[in-house]
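Asks: Sequence:
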Amino acid sequence: MVSAKMYELGTKKSTIRTIFEFGRKRVAEVGEENLFDFSLGNPNVPTPDFVRDAAIEILKTYEPSAVHGYTVAPGNLNVRNTLAKSINERFATSFAGKNIFITSGAAAAITICFKALAEPGDEFITFAPYFPEYKIFVESVGAQLKVVKPRPEDWQIDFDDFQKLLSPKTKAIIINSPNNPSGAVYSAETIKRLTEILKNCGQEIFLICDEPYRELAYGVEVPWVTNYYKNTLVCYSYSKSFSLPGERIGYIVVPDEVADFDKVFGSVAGAARVLTHVNAPSLWQLVIAKCAGKAVDITPYERNGKLLYNGLIAAGFECVKPQGAFYLFPKALEADDYAFCERAKKYDLLLVPGADFGAPGYFRAAYCIKQETIERSLPLFKKLAAEYRG
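Just so we're on the same page, our numbering is the position in the sequence shown counted from 1, plus 1078.
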């Protein structure tokens, strides 16, 4: 009667969403101030005033058909030209509007890229820890996801394991930097080594960069990967940088240098069409054009990250200090990270098991929450750690 696969996806929620929904029920029992929900990466920093002001100006002064009507599938050309100019100014590139395809957020962008590239039997490779939806997205287009084992000492790439997974079936590599869930940023050295391997592997392999956290980096450079490797597709979203996760707006960059640009861009357009992506929201296309290149204040995230990191280290946890995004990925206090996260619920600490990200034995804590919530949670983390010490 219905697709068994789609029914399973629609009724079996992700662990993150399940924990978040548990938290909403628990709030009714203990009160918002007594629940410490580190489960969901939902930005708590308010949307910048310049975004709000741009939206108001557009709504007040633009023709309604320009604000609410269709655009061409890749997006408003003036907007695309503006975004390309902004990227060029920041990263010394030479893109034009024709290199940009505007999407409904990063999830749409990466899924479109997967669909555009995938053929029967293809394999995609990513690196643990990784965003769990990659597996669902890749399998939805008929390909298979291979996962390189994690390197917990710094969450960079285990190149020995990576090279073992490369095969004639490899179509693309997926990287996410700054990383969800580890907060790591792939260094220029890591990117150089990765791209050198791909250049010398004897086949055309695409590199898909999932970059919704690009602006959330704390004193480190996030390499712009198209400057290292020609067959790179960049997927970006304003969900995190502008605190707009509910508006669903982002883009794909398809450089001229990719192998057979016209076919790749055409396949991106075709994949968007099949995925019912008529066009990204017209209003928000205009808003991001007005706000392109504007700086955002990430100090609240950086402050929260330091506060939580220092507190957990003081409590006896092991953790690599985050370089970006708004997550910590500490080592759980027992091998079974699911059991650890269940025990943490006794203290109303809601954490996500690392196994869901391909890294068993760890847990994710999203620190995009109120500073005072983190401050009040630290004694509870100490109690949890003390319980394990006996």
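Keep in mind that the hints were calculated from the coordinates and are not lab data.
All C-beta atoms in this analysis are idealised placements derived from N, C-alpha and C, irrespective of residue type, glycine included.
Some hints could be false.
[What the hints assert, rightly or not] Label-pair ranges, simulated between beta-carbon atoms:
1) Tyr-1466 - Gly-1371: 18 to 26 Å
2) Ala-1174 - Pro-1457: 14 to 22 Å
3) Ala-1151 - Lys-1424: 26 to 34 Å
4) Asn-1278 - Asn-1388: 37 to 45 Å
5) Leu-1385 - Lys-1423: 17 to 25 Å
6) Leu-1155 - Asn-1305: 38 to 46 Å
7) Lys-1424 - Lys-1448: 16 to 24 Å
8) Thr-1089 - Gly-1109: 29 to 37 Å
9) Lys-1384 - Asp-1340: 45 to 53 Å
10) Lys-1423 - Gly-1147: 55 to 63 Å
11) Pro-1457 - Lys-1163: 44 to 52 Å
12) Arg-1454 - Ser-1081: 17 to 25 Å
Asks: So, against the hints stated earlier in the document, which numbers end up violated here?
Replies: As far as the earlier hints go, 1, 2, 3, 6, 10, 12 are violated by this structure, in ascending order.
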